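S.K.: Next come the chains, spelled out residue by residue.
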Amino acid sequence: NAGVTQTPKFRVLKTGQSMTLLCAQDMNHEYMYWYRQDPGMGLRLIHYSVGEGTTAKGEVPDGYNVSRLKKQNFLLGLESAAPSQTSVYFCASSRSGFNTEAFFGQGTRLTVV
Amino acid sequence: GEDVEQSLFLSVREGDSSVINCTYTDSSSTYLYWYKQEPGAGLQLLTYIFSNMDMKQDQRLTVLLNKKDKHLSLRIADTQTGDSAIYFCAEISGGYNKLIFGAGTRLAVHP
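If you're matching them up, the sequences are chains A and B in order. So the working numbering is basically just the index in the first sequence, starting at one, shifted up by 1. So the working numbering is basically just the index in the second sequence, starting at one, shifted up by 598.
Derived by calculation from the structure, the hints in this document are not laboratory data. Please read these numbers as outputs of a predicted model, since none were measured by experiment. Be careful, since some hints might not be right.
Stated by the list, open to error - Here are the simulated DSSO-like cross-link-like pairs (lysine-lysine), alpha carbons at most 30 Å apart as the crow flies: (1) Lys71/A / Lys696/B; (2) Lys58/A / Lys634/B; (3) Lys668/B / Lys634/B; (4) Lys696/B / Lys666/B; (5) Lys10/A / Lys696/B; (6) Lys10/A / Lys634/B; (7) Lys665/B / Lys634/B; (8) Lys58/A / Lys668/B; (9) Lys58/A / Lys72/A; (10) Lys668/B / Lys654/B; (11) Lys58/A / Lys696/B; (12) Lys665/B / Lys696/B; (13) Lys666/B / Lys634/B; (14) Lys696/B / Lys654/B; (15) Lys58/A / Lys71/A; (16) Lys10/A / Lys58/A; (17) Lys696/B / Lys72/A; (18) Lys634/B / Lys654/B; (19) Lys10/A / Lys71/A; (20) Lys668/B / Lys696/B; (21) Lys634/B / Lys72/A; (22) Lys15/A / Lys58/A; (23) Lys634/B / Lys696/B; (24) Lys654/B / Lys665/B.
Stated by the list, open to error - Estimated spans, in silico, between C-beta atoms of each pair: (25) Ser81/A / Met651/B: 44 to 50 Å; (26) His669/B / Leu70/A: 42 to 48 Å; (27) Leu606/B / Ser85/A: 19 to 25 Å; (28) Ser81/A / Asn664/B: 43 to 49 Å; (29) Asn664/B / Thr101/A: 20 to 26 Å; (30) Gly613/B / Leu70/A: 50 to 56 Å; (31) Ser609/B / Pro40/A: 16 to 22 Å; (32) Pro84/A / Ser649/B: 37 to 43 Å; (33) Asp39/A / Asp652/B: 32 to 38 Å; (34) Ala3/A / Asp652/B: 35 to 41 Å; (35) Ser615/B / Pro9/A: 36 to 42 Å; (36) Gln18/A / Lys665/B: 46 to 52 Å; (37) Pro709/B / Met28/A: 36 to 42 Å.
As the list claims (entries may be wrong) - Partner residues aside, some chain B positions facing chain A, computed with beta carbon under 7 Å: (38) Tyr629; (39) Ala639; (40) Gly640.
The beta-carbon is built from N, C-alpha and C at its ideal position, and this holds for glycine as well.
Just need the whole structure built from these sequences, with the hints factored in.
M.R.: So, in structure tokens, the structure goes:
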């Protein structure tokens, strides 16, 4: 009964380092999303995907790249981490569009020093 | 642009009712949602209301929607310590076809 699984759960990066966050869902959902959550702000959409092999920019895409090579996985990459990317990152998936229930992972807390 | 506003903090006594308020700006919103986030966890859909409804009740939860004032509220009856969490209001933005979240209201329940 996994749902949406994110790895890793915590990470500390130095400025300029790169990393990839992995999101996996086992519900055969078409849509997948990456959000970031910052104190005092709502979740902001970074990138999303409407199906395998597709990606699209959200509200705050700069500094991030994504890939959806397999339907069940959605990867978020930071090529050159900056302190402004310190945040909690959430992956979510939904059966179809934004008006269907989104299921969230537990989050990845990333600190860039 | 779209915006969703919530107060950041609410403290209630166990057994009392909690009312969490939200205002939104996109009058073309079709669905409005309440998500709950418990400590260290992701968001979980609590309830939602379609824009042609005024009220929706689900056990201890009551959602009220005032479309004229673009105001949404979530009432939790008989609030328990297990209800302590952050509650996010969200709307589907008609123009951008995306989900816009408020900053979240932290509900603290004390004895």
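S.K.: Are the hints correct? Go through all of them and say.
M.R.: Checked hints:
| no. | hint | in the structure |
| --- | --- | --- |
| 1 | Lys71/A / Lys696/B | holds (23 Å) |
| 2 | Lys58/A / Lys634/B | holds (26 Å) |
| 3 | Lys668/B / Lys634/B | holds (21 Å) |
| 4 | Lys696/B / Lys666/B | holds (22 Å) |
| 5 | Lys10/A / Lys696/B | holds (26 Å) |
| 6 | Lys10/A / Lys634/B | holds (20 Å) |
| 7 | Lys665/B / Lys634/B | holds (23 Å) |
| 8 | Lys58/A / Lys668/B | holds (28 Å) |
| 9 | Lys58/A / Lys72/A | holds (18 Å) |
| 10 | Lys668/B / Lys654/B | holds (16 Å) |
| 11 | Lys58/A / Lys696/B | holds (11 Å) |
| 12 | Lys665/B / Lys696/B | holds (19 Å) |
| 13 | Lys666/B / Lys634/B | holds (26 Å) |
| 14 | Lys696/B / Lys654/B | holds (23 Å) |
| 15 | Lys58/A / Lys71/A | holds (18 Å) |
| 16 | Lys10/A / Lys58/A | holds (24 Å) |
| 17 | Lys696/B / Lys72/A | holds (20 Å) |
| 18 | Lys634/B / Lys654/B | holds (17 Å) |
| 19 | Lys10/A / Lys71/A | holds (22 Å) |
| 20 | Lys668/B / Lys696/B | holds (18 Å) |
| 21 | Lys634/B / Lys72/A | holds (27 Å) |
| 22 | Lys15/A / Lys58/A | holds (25 Å) |
| 23 | Lys634/B / Lys696/B | holds (19 Å) |
| 24 | Lys654/B / Lys665/B | holds (14 Å) |
| 25 | Ser81/A / Met651/B: 44 to 50 Å | holds (47 Å) |
| 26 | His669/B / Leu70/A: 42 to 48 Å | holds (43 Å) |
| 27 | Leu606/B / Ser85/A: 19 to 25 Å | holds (22 Å) |
| 28 | Ser81/A / Asn664/B: 43 to 49 Å | holds (46 Å) |
| 29 | Asn664/B / Thr101/A: 20 to 26 Å | holds (25 Å) |
| 30 | Gly613/B / Leu70/A: 50 to 56 Å | holds (51 Å) |
| 31 | Ser609/B / Pro40/A: 16 to 22 Å | holds (19 Å) |
| 32 | Pro84/A / Ser649/B: 37 to 43 Å | holds (40 Å) |
| 33 | Asp39/A / Asp652/B: 32 to 38 Å | holds (33 Å) |
| 34 | Ala3/A / Asp652/B: 35 to 41 Å | holds (38 Å) |
| 35 | Ser615/B / Pro9/A: 36 to 42 Å | holds (40 Å) |
| 36 | Gln18/A / Lys665/B: 46 to 52 Å | holds (48 Å) |
| 37 | Pro709/B / Met28/A: 36 to 42 Å | holds (39 Å) |
| 38 | Tyr629 | holds (5 Å) |
| 39 | Ala639 | holds (6 Å) |
| 40 | Gly640 | holds (3 Å) |
Consistency with the previously given hints is maintained throughout, with no hint failing.
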